[in-house]
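Starting from the known structure of chain H, arrange chain C on it as the hints suggest.
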Amino acid sequence: MIRRLITLAGDRRATTVHLLLLFLGAVFRAAATLTLIPLLTGLFSGEPREALPWLGLLSGTILVGWIVEIRLYRSGFDIGMKILRTAETRVLDRLERVPLTWLDADRRVEARRALTSAGREICQGMAYLITPMANAFLTPLLIGAGLAFVAWPLAAAALLAVPLLLGALWASGAFSRAADDAYARASDEVATRIVELAQHQAALRAAGRAGPSGSALGGALARQRRAALRLLGFGVPGHLLFGVASQLTLLALASTAAALFLDGTLTGAALVALIVVAVRFLEPFTTFGDLAQAVSSLRGTIDRVVGVLDAPVLPVDDDPAPAVDAPVLAFDDVSFTYDGADRPAVDGVSFTVARGGTTAIVGPSGSGKSTLLALAARLHDTDAGTVRIHGRSVRSHDPLDLAGHYAVVHQNVYLFEGTLRDNVLLGRRDADDDALASAATRAGLDEVVARLPEGWSTRVGEGGATLSGGERQRVGLARALLKDAPLLLLDEVTSALDTGNEQAVVAALASTARHRATVIIAHRLDTIIGADQVVFLEGGKVREIGAPAALIDAGGHFARYWAQRRQASGWHLVGVE
Amino acid sequence: MARGFQGAMLKALGAGDHVLEVLSVEDLTRHYRRIVFSAPTLFDRPFETAGYLRLWVPDAAKPGRHHQRGYTIVAPDEAAGTITLEFAMHASGPAVTWAASVEPGERITASRYGSTKFAVGDPVPDGYVLIGDTAAIPALNSVLAVLPDDVPVEVLLERSHDDDVDIPMTPHPGMRVTWVPQTGDPAALADALGERDWSNWYAWVTAESAATRRVRGRLKEFGFPRSEIHAQAYWMRGRAMGTKHDAETPAVPSPRTEAIPAETPKPREGWRSRAGSTLLAPLKGRLILAGAVQAVVSLLQLAPFVVLVELCRRVLSGDADERALRGLGLLALVLFLSGTVLALLLITAMHVLDARFGHEVRTAIVAKLPRLPLGWFTERSSGRVKQAVADDAANLHYLVTHAVLDVVAAVVTPLAVLGYLFAVEPLLATVLLIPLAVFGILTARMVSASSAAIPAAVEWTARAGSEAIAYLDGLPVVRAYDLGPGGRLRATLEKHAAFLEGWQRPLLGRRTATDLVTRPSTSLLVIAAAGTGLVIAGVMSPVDLLPFLLLGVTFSTQLLAIGYGLGSLREAVAAARRIGLVLTEPELAAEDTPGVLPAVGGGRSVRFASVSFAYKPGHPVVSDVDIELRPGTVTALVGPSGAGKSTLAALLARFHDVTAGAITIDGTDLRALSTEELYATVGFVFQQVSVLDASVRDNIALARPGATDAEIEAAARAALIHERVERLPDGYDTVLGRAARLSGGEEQRLQIARAILADPKVLVLDEATAFADPESEFQVQRALSRLIAGRTVLVIAHRLHTVTDADAIAVLDGGRLVQYGTHPELVARPGLYRELWTAAGATREQEAHA
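Protein sequences, first through last, are from chains H and C. In terms of full-length UniProt numbering, the numbers along the first sequence are unbroken and rise by one, the last being 577. In terms of full-length UniProt numbering, the numbers along the second sequence are unbroken and rise by one, the last being 850.
Simulated from the structure, these hints should not be mistaken for lab results. Treat the hints with care, since some could be wrong.
Residues from chain C that keep clear of chain H, each with C-beta distances beyond 12 Å, as calculated [to be verified]:
1) Lys117
2) Arg237
3) Val818
Facing chain H, according to a computed beta carbon distance under 7 Å, are these residues of chain C, among others [unchecked claim]:
4) Val315
5) Leu374
6) Lys386
7) Ala390
8) Val412
9) Ala470
10) Pro476
11) Ala480
12) Ile536
13) Met540
14) Tyr679
15) Pro774
16) Glu775
17) Val803
Partner residues are not named here, just some residues of chain C that face chain H (Cβ under 10 Å, in silico) [unchecked claim]:
18) Gln301
19) Thr557
20) Gln688
21) Ala701
22) Val793
None of the values given here were measured: they were computed from a predicted structure. Ideal placement from N, C-alpha and C gives every residue a C-beta, glycine not left out.
Looking at chain C on its own, in the form it has when it is part of the complex:
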């Protein structure tokens, strides 16, 4: 089968052939054909999203000739062993010609080697813009299928026939499809793209070659970073033999239209994915300089070998007296010393640079934390902070002090050697590349042979890992149920070992071969054999063999080492990106001139005025809520889980800023208050308690470091924790943490004591605090009752019967305020509250019985 050079390469690299048999042919529109194939052999490894197949399409005109065409794999069905390919039939070309006349039962061969892979970004981009023409639809459909539901998607497609719009597309709730007519003008798609704030969007462009180029240019104008554009030309106008899909249509210039309309340009936010390069920007210049100096150092380190060659040359030619040799020795020494001094200076400079940069990054993170919304500090984001200041910072440290220099050295040394060797004797230098080529082919074959098992290997590793964690976490259970030779983990580990052996043993030969072929001894053999031949043939002088023997032998090994350095470089860039992401998190709005609350004697009043809040635009969690909390009253928030109770309460403690409306305290907007003023007024007691590694005294007096011992003790007594503190080894001076631990209920009471001492006029409370620890429920409840006395309280209620005496009850459902009143009022009329009350009745009765 004639497939030309490409086919030969693919074969050499180990891409196996698969035979596909046509099962059915169906026309979805007049110009869009769906063909289902039976292809059981394709399922040896999983399919990537938007992955494609290389189809070997017969040339109708030249029998025996085949063209390679990429087609996206649609709807692979492993159980049935079938896949589907879709053909846009509006063009001429071998694949279209083949598809136009194909009948069920016909066969075609295909290879799977290299492919597109689409993965949703992390963090998820703010939107996706997918651009292409009918040939791109199969791939777009698989992309659409994996996009999260809450992300907006703009799809921009060029149609060559009116019925193209009927081609079925994967539905997506946030999708808007825009069709532009194909006119042949390559700028049509680019022109249809309006300017707006595309910040943090991701673009997937798979159109005709010239159109793809134009679109990419336009995206760059809008500020899309390269990493956020996937642009791949699927076919080329005027080239039926083009590389991928085929099409041909006459060109007609079109008027400029903007189908995805421009929006009022806002100031551009910029892309989060740039966060890493922004962080590294101040270093860039200096790192490049350092790289340049390292290149000089690397060359200087090669110089002694060149001097040695010169020495040998003189010795062999007979003009080597003691003076000449001494001179050469001196030269070598000077070169060596200057190289060492330069390296010394370079490393010193890098360490100084690293110390300063590391300090700046850490200081920036520390300065960032107090400006973030409190709601940002979840367990997950604490993990991100930890990752940023520990692992990622270490990666950057490694980047500055080692990685850049190592990579430059790893690249410069073999390249300089290669250049030198080519200058000395190009023929022998070329021969030296043969083992490398063999290595390349062997590796590719090995990868292709072993890659089928990689997903299984990943799965085994994950399974063994998670079962081991389960085993260790559940060791008490294991001891009771799963001991001895029949144990589950034993079986899994044994199967894992058998899998590893079955996978790796057949590859052992190839692995050995790839290793041997790059060994210095192999290069030595190649150089010695070819060199001796060339010398005997009189092509090269024996002296010219010396550079090869001195530098060429380890050349392969050095060249392959580049890969390792690049890995750590990539890791450092990813680390920089993660740190950058933390540093670019949106901050709370800060007022330049913070407002001050008027002094009052009694309680404060709080107003939620048309408050709405959404974590993500278009997905409100709280919508248009109006509530007033009168001074000194208790208002309870009730509603089914997910109704927005906790979110609404957290807004009053400014865990997030409202997206619309306002929350005011005695008429002043929360956002206008300084952090100090706000939290002196608004306190909160949630289930999650922060116990600092500090003394009990400092923990209680957190908000009032100047409080007297008497005040602290009074707060502790009121919170019913005083007696417990007295029992601690050092009383109020006991440092909490490893040495002395409090139980859950005791920590709650410590938190209540802290709030009592802080004495805020407004209190946000989670009622779950009261029953988090059944054994000390009673004490926590009494402490809470004391805390709320005389304050304006907003409480998130989980158990209705605890808030029947509240001054007001606000019933939330789906983020909206649906009912408002006192318990007797709400129970008296039909509605959500009464339903919840009735449903809770059964549980309450049971408890009453006990």
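Here chain H stands alone, though its shape is the one from the complex:
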């Protein structure tokens, strides 16, 4: 763990100094404790004034120890802040290059925590965990070693006790963790079943099966109860082990000292002093026990950061020979299967999109339309075949460079917390007001801006929550148009069916589409019919490609789809046997 921290901090000198200070702090602590031996022997010898010089030494040791501690705090804080900054930057660097499929729901949570809380936790850990832990470990060892100069059997007993106590601590923690894990396992099943019961309550009740009977719940409840009882096996040792071990150690040390006294090796005063030191020797272990949980959570935090830093990245290949007259976007026999899926999402797809053309991707849900868009933006790498932009494989572009080739508008446009202007300016940070206004007009955003009381300065809320779906799409479109990339990837909204001016937007898009290539996942019939080329997908395969009118005339798959869609829009709710 320490090694990983040092790697994260990156500053070898600072960490070496920190480790030295840690050791020095422990030396002073141990020295203070050992000073008690002459001090107390003096006090109990009948001539208490003899203790005074030793009191002076004790005070000096503790005060110097404080100075070391103060330095230690400062250096811990510096290193912590450094880790905080480097960890965040490096995590971001990595996230910009991972394949998007790597970032599943669980990893997303991990990555978020690595970005937001990990740095702070590590920074705090430096001050409140690493230092006390190191002290708790080093101080007893040094005290034990120091005792050898006074009474070696006692030193031997103390040093023998160290692994015993640490072992008890470790076992105690392991048992507690096992108890927690067992509890979580036992409860998770029941919890999942109960949540299921709640989520499906309407369907279950409609089916007359709302109660616990007839579901797997009864069994899960009984199993949970039995498992909770079995926790005893872990819980009791987890709770008692360390306490028992430390009390036994105390008894053993006291008996050793008493035996040394009885055989005359030690004076009465020395015996008493040594018992006090023995108790002091045991004290740091308790700290260890108190911190164990926090340490394991810090280890989790560090693992989380390292987990992201070790994530796979999309490789950058060499592909230096772009054809002069290459189409803007070309899919060449492209296949892609999601992890764990039983069939490819995209299967042997080939088509090209030329400058000035609009290609509509059409097909039933689940036919692979969105995957095509993701592959064009290289959010994943293809399993077979090549996606080319301007004749060069997307795999040969550096991510930053690739981003310059395309603009994208997703169905659920993601907006960032900030103003409307900020969000559109993401398209081109240095755009002037005229460019901004022009993009807004073309995207139909101008009337939204005019309607909002704060206009361009309206805050869009988290994820753009203060805007409607249609409004968000227009912001996304304005952002894409402002970017003015040679390739525009669009996923048309399905939800905002009643917004009439969507059409105006489509028209505006078409009129300015001449100098770029547009690929649109089209749901609306008028968008489909207005495209130059339709790529009709089914089950990840291209069924038909061609001009929409020609395909309708041909009477194939697309024509059938077209007819159904036409019919659906005129549907009346009437019972039909």
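Just chain C now, with coordinates in the frame of chain H:
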């Protein structure tokens, strides 16, 4: 400036002084003065609702002396740097005397340290009763400003002058203000409070001290739990130097009046906030017992140290032969063993208790779910169930198996040590407390120094968190627009780091100091130095130093550990409350002897008779609706969004019970039917589909587990899903969920197949189902057409043109039925329907063009 002990304490704790300059003085009534101050330095941290300021008011009689008086901060204006304070001028006292003669330009000092904070409860109480006198009005006004509009508010105020009623109050739609004349009788306010079902109300009482006490007593009689009363005396009669606001009026006994009238006493529902303690009630006795046993265990664990002290005593006094020492060793061993055995038994008992209690809680939740109205099961309440059975249950588990024992141990051990040490040598024991006092002062100063930045810190954390979520959710967008060193999140994280550093670095010294002062080595130094001194001075014998060296060194650390345990205890109590809240949710009324519908061959008829429904009393969503659905007909509900269409339809599927009126099927009230009978008759198809983690076959046959394969396949064919099922890896045996997913439209058709197989006579349908997935709209529509044939159908219509052929159309507006008829009839006459039809025309034309 002489401010006495209080002032010194505040200063020690780090409360800074602020200088307020009077800008203007205005009398709102003859006895109510509003003073606006310029106070730019006050805005270093945000103001709490009903928060107050400690004003240092000069004593007119004794120059140089100051009195502390609390005044609620009104209308803080950060841009202008001004605040307002309001003074009730019907009393004598230093603040009133000062306010009476103050002129613009004068200055006064004030501190901000500790304050009242008002927050609306979660869940929101059923009502708020606010009680006080004119001095309470500024605080009441800020409370009123944050109360939700739909909550009833009773305000009960005592007036000392007739024109007090003219003091402006924050308007609130649910507020009723009652004034009672001030007579000097401290019971006047309490007497004005009538008995009724105050269940789930919250009381805010800020009046004169004796009156506050009386009101609190009366509220307790009504059953108010302590947590639902905020009672704070604002001033004390007969004490001009009282603690807060000042007033003095002669006492005149008053006749008993009930100004907030009593209502016919209903059986009391009780308070939701009690839900937690009710849940824990059966455990309470045993937890207390466990705590007591743990206290004994903790003492036994200290015993070896006492034995050690005794051993040392004997050694030093010279009467320590081998036998004596062996005896002591044996004693220590016996104590140790009995402590361990007792601890073992205790933990075993707690685990057994935990297993049983955990099981009971889970069983209770499972038994509760089927009794709740279906409408309760929203995404939010599913979250509550999840929270209750996962995190909250784990918290309770921790409470029973660990937290109680840990807290008792953490409290008993240092207290026993302290008692022991005081018994041995009180002087040295007192010295041992010095580091703790220093720690207290340092911590308070640090908190006060860092608290200014806490709101900013919270905001930074929230901002970094939400931007990180946005970054990860929007990674495809980020890749296209926001890569590299100029990225937004990078900038935010860097600014966040800079903020953290700028905030924490200056505190580093103090933080180090607070930590060092409680270190065992510090205690060791204190004990060794003071002890050696005392021994040399002959005040204490060296042997008495031993208990301090053995037990006193870690005393500070142990004492501070109490705080951690208490945190988890509080969390467990909150968890118990959340679970309790789920368990006390109102249930559907259940009939003891459920009715049975007469068997009929054809369809069933449904009647909505004067149906009203409200989620919250006084806010009807559906009002007095009468509709009849004739057997085998389609009735469409149309109207603007928010008109109550979905709610009315959901009532027929008994998602909620009507608040007034009745829904009957063939003359029998819905509520009289058993759940099985009801849902065998009424089916529903809504946009939200429940797909169970089960095979396709089981999913379709949910309502008829005994259905044959042929029947299931027939239903699937009718719902146009059969072919898709055949294409699944294991056909009808495919388990839906992670392995095989259906698209939105396919799930809809699965749901329709389920309904076809269940074959209910009455069907509630959301038309949005038909166009939720544009790509399979056509199939879903055809499946729906087959499903509704021959049934009595109530459909929520979003697109008017789909229901033009319906047998009847019911037009709703604001929860009321405004028009009823067929499409041709409704289009022919002016009204809401025709307006909606015309407005929809434009869209329809566009679609027709396509």
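Need the list of violated hint numbers for this structure, in ascending order. 8, 13
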